[in-house]
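Heads up: the sequence lines are chains A and B, in that order. For the first sequence, the residue numbers in the numbering used here are 1 to 163. For the second sequence, the residue numbers in the numbering used here are 1 to 240.
Hints are not guaranteed to be accurate.
Negatives, chain B to chain A, calculated, CB over 12 Å [to be verified]:
1. T45
2. A117
3. L166
4. F175
Listed next, with one range per pair, are the computed distances between beta-carbon atoms [said to hold, decoys possible]:
5. B:A6 to A:K134: 48 to 56 Å
6. B:N121 to A:D49: 26 to 34 Å
7. B:A188 to A:S130: 38 to 46 Å
8. A:S130 to B:R216: 52 to 60 Å
9. B:D185 to A:V12: 52 to 60 Å
These are computed hints drawn from the structure, not numbers from a lab. By construction, the Cβ of each residue, glycine as well, lies at the ideal position given by its N, Cα and C atoms.
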Amino acid sequence: MAPTRLSRRHVVKPSTDQIWGWLDAVPDPEIPVISVVDLGIIRDVVWQDDTLEVTLTPTYSGCPATSVIEITVNAALRDHGLSNVTLKRQIAPPWTTDWLSDKGRAKLEAYGIAPPNPAGGPTRCPRCKSTDLKRISQFGSTPCKAQWQCRDCLEPFDYFKCI
Amino acid sequence: MTKPDADLFEFLLRMGDTTLILGHRLSEWCGKAPVLEEDIALANTALDLIGQTQMWLGLAGEVEGKGRTADDLAMLRDAWDFRCALLVQQPNGDFAQTIMRQFLFDHWHLDALCKLAHHSNDQVAAIAAKASKEVTYHAERSADLVIRLGDGTEESHSRMQAALDLLYPFVGELFTFSVEDLRPDYDAKVEAILTEATLTIPDSRFAHLGGLSGTRHSEHLGHLLSQMQWLQRAYPGDTW
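Turn these sequences into a full structure, and let the hints guide you.
So, in structure tokens, the structure goes:
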């Protein structure tokens, strides 16, 4: 990239609203139907002079997706011409499934993953919508999910655990 | 390091080393647990614990101020510098032994983290608050399995009782480093679950000590470290 182009872009700093919109197009690496914004892990986007500071909160402390997310967020912002980006990891307050967006919850269900529910289990089968369900295991294919099964259509499915 | 920093460093090692060694032990089951769901659950629990280790040991490295990272502390120290509880050093044994070890640990761990979430040090409080959410699921699962296996078949019952008899003498050590006395609550909770599981708690409160202080580790720790650390030892500085 030519340095003149870079410096010109720096003069016109995109608004943080615009950046939130860009981040909303960055998919979660494990569940690509939802974005990192839907997941609620982007806590803050602020300009510190000419540097954009993005604050992320990891979902589970050992989740390998966290570093992948940092790489993809960085790459997405670079693609939009932002070269001065710092990513901050913040663990307090801890991430909670309450931060999942309504759009994200609907997309999860359409994808076949039951969205989190404060009652402690899925409300209905994401496929046939039956409420006759049983838990197979408290843990699933990623740290954030549990395995459930529908007693009507017999399909096993992932449930996004409340945390 | 000042005295308070040295104490904090020691405390962080105890937390981080204990979660690291248990996380490693659980990861030894990966690919060979009795059923797929249990394999996944054990690996996920291991992942949570190793994630928590990164936070505890990462902070320990910062407090120490010598530029050591969580990885350096995990992979480049020898047994005598570890501060992990004896309970988590114990081998996996059979599935009963692994689940009983987890159960006895989880309930202490959850109580300790809930107290630490109100610690005066903000960073300690933040790590504990984060970890306690994950450990809530560990404790729920291990209690569930202890009840199902204890109050299960004759075979599963006798294995669970044997595991409890074997591991109970390692429980007392966990209560030697908490500021607040967590033991009464722990005893009440654990006893209720073990009773439901038709298992009998040993009468003796004898406790093996020496893991958290690093003065007398079990013979198992060195073997575990040689397996866990061999790559960094054989190829120093190698990265993914």
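Status of the hints after comparison with the structure:
For T45 of chain B, the requirement that its beta carbon stay farther than 12 Å from each beta carbon of chain A is not met, with the minimum near 7 Å. The beta carbon of A117 of chain B sits about 9 Å from the closest Cβ of chain A, which is not more than 12 Å, so the claim that it is off the interface is violated. No Cβ of chain A approaches the Cβ of L166 of chain B within 12 Å, the least distance being about 25 Å, so the stated non-interface status holds. Every CB of chain A is more than 12 Å from the CB of F175 of chain B (nearest about 25 Å), matching its label as outside the interface.
Remark: the range hint 48 to 56 Å for A6 of chain B to K134 of chain A is upheld by a beta-carbon distance near 51 Å. Here the CB-CB span from N121 of chain B to D49 of chain A is close to 31 Å, well matched to the stated 26 to 34 Å. Checking the proposed 38 to 46 Å range against A188 of chain B and S130 of chain A shows it holds: the Cβ atoms sit about 39 Å from each other. Our hint of 52 to 60 Å for S130 of chain A and R216 of chain B holds, since their Cβ atoms are close to 56 Å apart.
Taking the beta carbon of each, D185 of chain B and V12 of chain A are about 59 Å apart, inside 52 to 60 Å as hinted.
Of the hints listed earlier, those the structure fails to meet are numbers 1, 2, in rising order.
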